[in-house]
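Modelling step: build the complete structure from the supplied sequences, incorporating the hints.
Going down the list, the protein sequences come from chains A and B.
The numbering used here puts the first sequence at residues 488 to 668.
The numbering used here puts the second sequence at residues 3 to 488.
Be aware that one or more of the hints could be misleading.
To be verified - Okay, derived cross-link-like pairs now, DSS-like style, lysine-lysine, Cα gap no bigger than 27 Å in a straight line: (1) K388(B) / K611(A); (2) K497(A) / K540(A); (3) K61(B) / K497(A).
Hints listed in this document are in silico derivations from the structure and should not be mistaken for laboratory results.
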Amino acid sequence: MKNWIKGKYKHIIACAVLLVYVFTANPLYVRFILKDGKPLGTQVALPAPSKDKDVVFVLDNLIQPLRINGQDLYDLRGYAFFQANHEQENTITIILSSKAGNIAFPTHTVARPNMIESYPGYDKKMDHAEFSLLLSQNVLSPGTYRIGILLQNKNGPGQSYVLTGGSIKKTPNTLTYTLTP
Amino acid sequence: MKDNLKGLSLPLLVAAYPILFLYGHNAANLTLGSLVMPLGYSLLAAALAYGLFYLFQRKAASASLSAVAFLLLYYFYGSIYHLLIQPDKFPVYHFILLPLVIAVAFYAGYFISKIKAVPASVVQKILLFASAFLVAYNVVIILPVEWQRVRPKPAADPVASAAKVVDINKKYPDIYYVILDEYERFDILHTYWHNDDVDQFAAFLKQNHFFVVTKTRTATINTQIELASRLNLQQYNEKTDVKVTLAALDNNKVMQVVKSYGYTTAALDMSFPNITADYHINYDPQQVAGMAVDEFRQTFLDDTMFNAFLGYFQDADVSEIKQRDLLLYTLNQTADLSTLKSPKFVFTHVLLPHLPFIFDKNGNLNPPQDNYDWHFYLGQYQYTTKLAEQLITKLLANADPNNPPVIIIQSDHGARNMQRKSKDNILMDGYLENYPIDYAYDNFNAMYLPGIDPSTLSDSMPPIDSMVLVLNHYLNAGVSLGPSAK
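This is the structure:
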């Protein structure tokens, strides 16, 4: 046995290196190479979901696969603002909740034709309420995630958290988005 | 050195065979240009693999066989990837799978190097003979097709028309027949999009004495069928063999008729580049495809190890710019064919506002991720409208006032709002909500017909009637629609 190992040690080392690579490649990729579609935090404490409809929101009915700077990502768009203050600038964070915890993803403002414009009472000053979430499937473990929106006033106090009715189902190789009205 | 290269021919032939096989079986629809990338990359991969194996093994036959083993994995990489990803039991990432497959190839090379020199050399020679035969066989298939392509085409026989009397003293007008692919009828802009911008274009057309057929409908929503039908005065349908409609389009009746009246013909078609005409824009299918799918290239990228680098071969910005340049070049050429002898018949088919939706309403490029989202159709439609207005303005400005041109701006069909899904069942395109597919049959048709009283024309005139009207009124050609089109 000892002689066999001695005779094959180069192959054993090669196989061991490959094995280590297989198990560490994705975490290393997420840690050092992936720039977009990463969460802000993986165990976020949230306020209780708001039930008094103080937040107006719409999520797009599709999630778009796209490639940015060599990264395969998904793009989910929508808009969200406080009912009482349409024009207030907010930080919009998307929360993916599962049994394992709440994962927070940043969004950025992006215009999309015919989206927020369809809202009755639309005003040009509301354009900053349109957001885009970039999501990498490399960062999600298999499971079902409910989609929530955390809205925080950018220039003062005031925040609210709503569950959207949307969910993301992640399997080892697929990501499926469902929006329940 | 000579000994080093002795084994190179086998990997090169093995690398070339699948590409030539695929090309040979699709040669009628492809050009030699589309071979360059797949063949070049595969030959390079074969040469590199051979060089690397020779470096380690120092035996030509064994390095040659090892490179063949590598090439098998190279060509089956896409299948391996799909095979692993389908059961969806564990995550499959290219950055893990590709190094593993390359490692397997190296191990295969290692085991092959253990084969004794004589049997390795015998196997190598047998494979060399077989692959040379297969490559030669495919070259024999390809050559006649390529020869057909480069040999000068005989002029098409003029079509006899019922009452053909060519008046040599008559100055026939130039005829411009422009197809805007997927351009919706005006009323759909109001009813579905709630957009009134198009009213300005409608007013422009009216001011310039265009007759807009407000209730026109197409028989099908297939571009090839529609163009073949309208240019042959014969309605084809979805059951017609695609080869029949393609051949009919390439050698169409309308262009033969006008040719027989002394017209110079020009075909500027981004999708059907083989229409017989005196003047073409020589679109390279690779270029014209732009962002549209070049299936041959795509098959190569999907199946081989290049599958792992798909994203790098589809640089959206570059594709968008290429697409934009081709679209604008086509329209500019349509308006600037002054070097062609009049009378001329210019047929232009431009992929606007057809997918990909690269333009916003002002002609700026959209972000690449929006190119296949139908919510961006409206912006591209609005910009197409501006381009159509510019085209008409130029054509009328350059026209001889004593012999004004005939201009027909038509769509092949309206917006089809077709949905695509990825292999993961994810919607690839933004899909328009509550969009009735029936809208796709509502066709745009605007005609500038000097000397024809618009009140004599029907506002539900089918698009296939346009060329009958033009040929009979201006050329007295005595043509009529084929039986199925009536």
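Structure-based check of each hint:
| no. | hint | in the structure |
| --- | --- | --- |
| 1 | K388(B) / K611(A) | holds, 25 Å |
| 2 | K497(A) / K540(A) | violated, 65 Å |
| 3 | K61(B) / K497(A) | holds, 22 Å |
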